[in-house]
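J.: These protein sequences, in sequence, are chains S and V.
For reference, each letter of the first sequence is one residue, going 207 to 678 in this note's numbering.
For reference, each letter of the second sequence is one residue, going 207 to 678 in this note's numbering.
A hint or two may mislead.
These stretches of chain V come out as covered by chain S in the derived footprint (C-beta under 8 Å, 3 or more residues) [to be verified]:
| no. | stretch |
| --- | --- |
| 1 | 332-346 |
| 2 | 384-398 |
| 3 | 621-627 |
Calculated directly from the structure, the hints in this document are not laboratory data.
A quick note: this is a predicted structure, and the numbers were derived from the prediction, not measured.
All C-beta atoms in this analysis are idealised placements derived from N, C-alpha and C, irrespective of residue type, glycine included.
Number of protein chains: 2
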Amino acid sequence: NPTYPVARQTNVITLRTLYMSKAAAKTQVEFEYDGPSMKTEVPGPRSKELTKQLGEIQNVGAINFFCNYEESRGNYLVDVDGNRMLDYTHLLYPYWLSAFVNRPALGIMPPENFPEKLAESLLSVAPSGMSRVQTMACGSCSNENAYKAMFIWYRNKERGHNNPSDEDMSSCMINQSPGCPDFSILSFMGGFHGRTMGCLATTHSKAIHKLDVPSFDWPIAPFPKLKYPLEEFTRENAQEEARCLEEVEDLIVQWRQKGRPVAGIVIEPIQAEGGDNHATPDFFKKLRNIARKHGSAFHVDEVQTGGGATGKFWAHEHWGMDDPADIVSFSKKMLTGGYYHKDELQAYRIFNTWMGDPSKNLFLAEVLNVIRRENLLEEVTRSGKTLLQGLYQLQDQYPNLLSSARGQGTFCAIDIRDDATRNSILLKARDKGVLLGGCGDRSIRFRPALVFKEYHVHMFLNVFSDVLAEHN
Amino acid sequence: NPTYPVARQTNVITLRTLYMSKAAAKTQVEFEYDGPSMKTEVPGPRSKELTKQLGEIQNVGAINFFCNYEESRGNYLVDVDGNRMLDYTHLLYPYWLSAFVNRPALGIMPPENFPEKLAESLLSVAPSGMSRVQTMACGSCSNENAYKAMFIWYRNKERGHNNPSDEDMSSCMINQSPGCPDFSILSFMGGFHGRTMGCLATTHSKAIHKLDVPSFDWPIAPFPKLKYPLEEFTRENAQEEARCLEEVEDLIVQWRQKGRPVAGIVIEPIQAEGGDNHATPDFFKKLRNIARKHGSAFHVDEVQTGGGATGKFWAHEHWGMDDPADIVSFSKKMLTGGYYHKDELQAYRIFNTWMGDPSKNLFLAEVLNVIRRENLLEEVTRSGKTLLQGLYQLQDQYPNLLSSARGQGTFCAIDIRDDATRNSILLKARDKGVLLGGCGDRSIRFRPALVFKEYHVHMFLNVFSDVLAEHN
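The whole structure should be built from the sequences, with the hints applied where relevant.
T.: In structure tokens form, the structure reads like this:
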């Protein structure tokens, strides 16, 4: 048990006879302070300073003050200015049990080191042009809130950045426009962006994800179906990409005409769940321009591709653009969910109780240190090249079985003759001690950790080669 | 660094000259095994046994095998049968960094002690009639997935539990019915169920939560506006509740007629965010019967009320029913999000990568131990009674300032003359070291921790009394 903290001057409590006479015997005093103790106004100078710091990074509109969770105990919350308050807002975690159980309500009362840890972790790998990040608990919440940020941004533009009308405020309470406008997000067939209901309306990889769940009438564009290796089919691929981009523009116009304007476009740099479908940097460049031309936000979903597996920290860095996106969402390898965004897409109304979990930032800072110290992105590039070369060789060796080997870094995939053969190969490989996963209709995807070295690749290619021989 | 594990028999790797010659020098060998090692088929007997155990509690359709995360390292995943596999599915966490960083993909590869820890934690406090629980990362995800479970359940009934048609499968991919049916969830004005887009369509507490976000055309019923103390206004209150229930039935019929049948009804036992609005057990009993009569699922959202603050572990236990709900969702005080559900509402398609975080179950088991050992629910009942009596006294003393004191356990609230006065009281109380929160238009809510004792109540009432005197 922690030692009983000496009660400091309690400058506010004047016990009156009325209640004094009823006071129960104290128990568990060792966990608690004796009463409130106020040193400054709230928020005090330290809280104000930290709010200013955090305001450079994310929304601080809902923050009351910063907490010192180490000093907080029992029914008392201690802030970073040393104010000790009797806590009647205890919506959240019973932090009296242990400092570790404590999961602060980041949206209202973040811990003191939160801005510093954000800078060391998420901000240190921020995509080009983005200095703001909003943390979230999972990938679906990250995309869901990114969509909300795009809707709010788009509607603010429509309103000329004026305050919402009374009609806006009253109609939204009953789910009706103009308060809840009929905006849409344009997504791509084959895309996967999560399973909550907003995300799900933009997910189109497998029927089983979507079946029986009500959805939105939002436009869905074709994602280019390219031939691999990309560099051998440049002409055909460019035609296919042009076809898809034309369709995107048509859909934007159609949906505007039917009163459901496209507030944002969401896309993965590599369609992962949908079968590891790649497109060229030229496609993404033109798509980004189409978004800008039509006033739609451009949201790059890096939940699967972010974190280094493609050999760059963000897959969209391969496009070589100065201004690749308005929003970049992440999760998985980043340990925490969230999204980076342009300043103008800041929405003070994006909020929930937890807003992620700051303990994940501590871990992420360590992970990033290891990635840098061990040059893991170079390692990924090297291993990925060896892996893809090996897949090309096996594809030449088994042309009836394998096709379309493709990849960036170790983020690789290959197509198998058919679904049944694919599943048999996955099981046989597992029996030989290699865990592989499927994606799309008949692809196998490779998703090793960043510490996957060339000798692991060789080990894998040997097993894979044995398994393929059994299926030829 | 962990000691280098002795490589066990590697029964699958036959290194061939082709790749052998290219093998890179190993680094970081201290973190890794030398190769795969298979002891049994996968899943092995231990994995099968654990899958069976977990199958009694939640969905196991997507589980491959159970993992031994302590033994897993580097690029190798070790399962509970001792099989060591080269991991090419590393979508998730770099578990090589530290066992603690490891956040298992519960949906696919849960850790060995997961069923046991679920039984010790969440199942040990399961609501009446419910033996199944699905964990989730946050409150919004919990409700969002509960809605999906209700939609899937409802559609399965419609289909006579037959397989989905080809038309179902193809239409859902483009967000259209019948695959994405026009089902609705009936919610109540003043309710708060979260901020993702499905949840948000059932949230009606503040315009600012909903403004600018597209929504669904779902029915919204009035929540009873009762007079407090409830026992002094039984006749008027019963009339008001009857009016609301009649409206609920009308809405269900209307929405069925316009082709948007009500798959589920969602309600809070006490509308929290909306202003601490109470209803009587009789109201909830009749509402539950209406749901049953019309074939809609009945979802009780205990995200705010669950965990003991009302003096019972679940607020709906105050209704005294044998079969109070089909789904009960939770988060906040429970440390993890999720929902309990009836067997028939099990949906194998409810899934995401993380499905919550098992470390939270460990903490919850400890929290529950403390709640039992310290009889905290009795403590809450005692402190709550003292708090409410004190609020009644102050309300008599300041009739122009205070009204409608109400509460269950320490889950109490009181109305203030107007919004401006309420906010002034909140600030003044904070300056005196008492943290209070607002809810609804002009209410103050009390949400102390479960360890809030009677003497804390007296301390608070003194401060509150001083603050009120300044505003009279």
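J.: Counting residues of the stretch 332-346 of chain V that have a beta-carbon nearer than 8 Å to any beta-carbon of chain S, does the count reach 3?
T.: holds (count 4)
J.: Taking a Cβ-Cβ distance under 8 Å as contact, does the stretch 384-398 of chain V have three or more residues in contact with chain S?
T.: holds (count 7)
J.: Are there three or more residues in the stretch 621-627 of chain V whose C-beta lies within less than 8 Å of some C-beta in chain S?
T.: Check failed, 0 qualifying residues.
Violated hints amount to a single one, hint 3; each of the other numbered hints is respected by the structure.
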